Amino acid sequence: MIKVNDLIKSYSIDGQKFWAVDNVSLAIGKGDMTSIVGHSGSGKTTLLSLIGGLTKPDSGSIVVDKENLLAMSDNELSTFRNRKISFIYQFSSLIPTLTVLENVILPTVFGKQQPDGVAYARELLAIVGLENKMKVYPSQLSGGQQRRVAIARAFINAPELVLADEPTGDLDEETEEEMIGLFSSMNKNKGVTFLVVTHSTELAKRLGRQFKMHNGRIEEII
Amino acid sequence: MSRLNITSLAVKNLRRKIVRSLLLFLSVTVVTGTLFSATIFISSMQNALKIGTYRLGADVLVVPEKYAADARSALLAGEPTSFYMNRDILEKVKSVGGVKKASPQLFIKPTSFTCCYNVNAFLVAFDPTSDFTITPWLEKNLKKPLSGNEVITGRGMPVMAGDQISFFGTLFKVVGTMEPTGIKFFDQSIFMTMDAAYKMAEDSKTKSMQPISLSKDEISTVLVRVEEGIAPDRVAIRIEHDVDGVRAMASDEVISTVRKQLMGLLKGILIISALLWILSLLMMGFVFYMIVNERQRELGLLRSMGARKKHVFGLIITEAVIISGLGGIAGLISGSAILMIFKDAILQHLKLPYLLPQMTFLVELVLGAVIFSLLTGILSSLFPAVLASNMEPYEAIRKGE
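Residue numbers (this note's numbering), protein chains in the order written: chain A, 1 to 222; chain B, 1001 to 1401.
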């Protein structure tokens, strides 16, 4: 599903070059549940963004679902993201002017809208336990509830790959369990591939393959 | 749930900061309203001048030298006046080279003592045997000449055909009403034959408390039509040279004086409107730049969900189009309302004629104003929209955090 080779991404901060991703290579199979652990600033989020086509590397190659992301035009990349990749962020990523239901359905605006999109959004909200909050706005939800809406939104376009950045960061234990259960269910039933960045070694252990990042370099934990 | 699309997203975004949206809306309203009302106002005055010139039908107006200013005020602002000169002048004018036709007219200013009906009415008497300004209208519309006690009135007079109206103790019958011109000289005048006017003057000595001092040897003005191919101002110069004690005004000259006055007004309005527009463009551009800046993360998130550059660009432009379109419509409404409220006061001050242009022109003007307001919105948001659409999604999300 994901094949990354010799990936390098650097930034200049105050004239000093900083390698966020330093010569990273990894391969993740279709339907895998993989985690990347590491401290803040180790390059996990940058790597996730590179794999999701949100930014371009200095060098290297990224192939997702047999498609070379670096050879795609901006429009092709957008369509690819819309159809195949979803992101779950560690911050509140909901649009404040939209209701919960509208937030979930938002990604369909940028692609081919399915006639049963709203029904599926309701179904997803029911799965994350927010079926009675569809018409409320994000500001009326707790942080945990907002995260659950974002998770429901991640599945609206039936993605093949979910890139999650600290998806259970501020969830209570019970909700965290439910979310991991949802990921596992999506993985088993729909074959969705997960690449999850987390601080939590506990979560990482439960997901399957584990990688560790440090100073932009990656190694697999066996 | 209503269908979610770029337009509904834009509407929801505009509702988010209602005060800011209102400010943008008001700035477009003010600019469009100012330009629209100014254009209508000036077009109406130009239209009135055009129609008035055509209605006057004369190339040169000959008046007593010391009453030139009064004659100009009478023609342009419809201010009733009375002045007289000797009828001999008519023959002298006719003999001047370049004069094709010459016809006398009498201007009589009624007073509250002499007119039982309307003190603002302006009595104009013409000679049906030589007239070339009123008579063609009579032939076309009334299909008969005026008899002794018959008058026709301008559209501004509150009388209709069949009504009777009294001046200086003489009763007249209204037989027709002329179409509106916007020029008070025509719209608030009552036209009669010179014979009727002289008889009214004679009878006023016994019938009126304030008789008219007018003899059959006196006329107020001579209207001149010049030979084809000869410039009216050249003929006017010749008349002034050949005939003592008169001022000959080419109608072009009368109009050009007003045009100059109008151009000054137009220039002032244009400068103010251009400044307002530039200010509005800058303010809107700055506000949209701020909007893009503060929504960086949101826009980055939309891109991560698969929004293309054109979606982000379209979202910002749609917000601008909605706000400027609504502002434009509000500008049209408020501009029209302000014009209606203050029109009379301004005209009173400027002493200029006014007549709304034709409906087709007004429709074009309304469409133009809407397009102008939309362009204002699009232009002001163009740079921020390009900026927003070209942001790298990851950078937008990261910087917006």
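Hint data in this document are derived by calculation from the structure and do not stem from the laboratory.
Computed from a predicted structure; not experimentally measured.
Glycine included, each C-beta is placed from N, C-alpha and C at the ideal position.
Among the clues, some could well be false.
[Stated by the list, open to error] Derived DSS-like pairs (lysine-lysine); straight-line CA-CA distance at most 27 Å:
1. K1017(B) with K56(A)
2. K1017(B) with K133(A)
3. K1216(B) with K112(A)
4. K1094(B) with K135(A)
5. K135(A) with K1144(B)
6. K133(A) with K1012(B)
7. K212(A) with K1399(B)
8. K1216(B) with K56(A)
9. K112(A) with K1310(B)
10. K56(A) with K1399(B)
11. K1100(B) with K1144(B)
12. K1100(B) with K1205(B)
13. K1094(B) with K1216(B)
14. K84(A) with K1309(B)
15. K1309(B) with K66(A)
[Stated by the list, open to error] Examples of chain A residues toward chain B, derived with CB under 10 Å:
16. I28
17. G31
18. F87
19. F91
Okay, the hints, checked on the actual structure:
Restraint check for K1017(B) and K56(A): not satisfied, since their Cα atoms lie roughly 34 Å apart, outside the 27 Å limit. Straight-line distance between C-alpha atoms of K1017(B) and K133(A) comes to about 24 Å, which keeps the hinted pair within the 27 Å bound. Simply put, K1216(B) and K112(A) have alpha-carbon atoms about 91 Å apart, too far for the 27 Å limit, and the pair is violated. The hinted pair formed by K1094(B) and K135(A) fails the criterion: a straight-line CA distance of about 89 Å is larger than 27 Å.
Among the hinted pairs, K135(A) with K1144(B) is inconsistent with the structure: their alpha-carbon atoms are about 78 Å apart, more than 27 Å. In summary, the hint linking K133(A) to K1012(B) is supported, as the alpha carbons are separated by about 19 Å, within the 27 Å threshold. Restraint check for K212(A) and K1399(B): satisfied, since their Cα atoms lie roughly 26 Å apart, inside the 27 Å limit. For the given pair, K1216(B) sits about 100 Å from K56(A) by alpha-carbon distance, which is inconsistent with the 27 Å threshold.
Using a Cα cut-off of 27 Å, the hinted pair K112(A) and K1310(B) holds, with the two alpha carbons roughly 16 Å apart. With a C-alpha separation of about 16 Å, the suggested pairing of K56(A) with K1399(B) holds against the 27 Å cut-off. Using a Cα cut-off of 27 Å, the hinted pair K1100(B) and K1144(B) holds, with the two alpha carbons roughly 25 Å apart. Taking the CA atoms of K1100(B) and K1205(B), the gap is near 37 Å; set against the 27 Å cutoff, the hint is violated.
With a C-alpha separation of about 19 Å, the suggested pair K1094(B) and K1216(B) falls inside the 27 Å cut-off, and the hint holds. About 18 Å separates the Cα atoms of K84(A) and K1309(B), which keeps this hinted pair within 27 Å; it holds. Annotation: proposed proximity of K1309(B) to K66(A) holds, straight-line Cα distance about 24 Å (limit 27 Å). Taking 10 Å as the C-beta cut-off, the interface hint given for I28(A) is violated, the closest approach to chain B being about 19 Å.
Annotation: G31(A) was flagged as interfacial toward chain B, and the flag is violated, the nearest CB pair being 22 Å apart, outside 10 Å. Among the interface hints, the one on F87(A) holds; its C-beta lies about 5 Å from the nearest C-beta in chain B, closer than the 10 Å criterion. Among the interface hints, the one on F91(A) holds; its C-beta lies about 6 Å from the nearest C-beta in chain B, closer than the 10 Å criterion.
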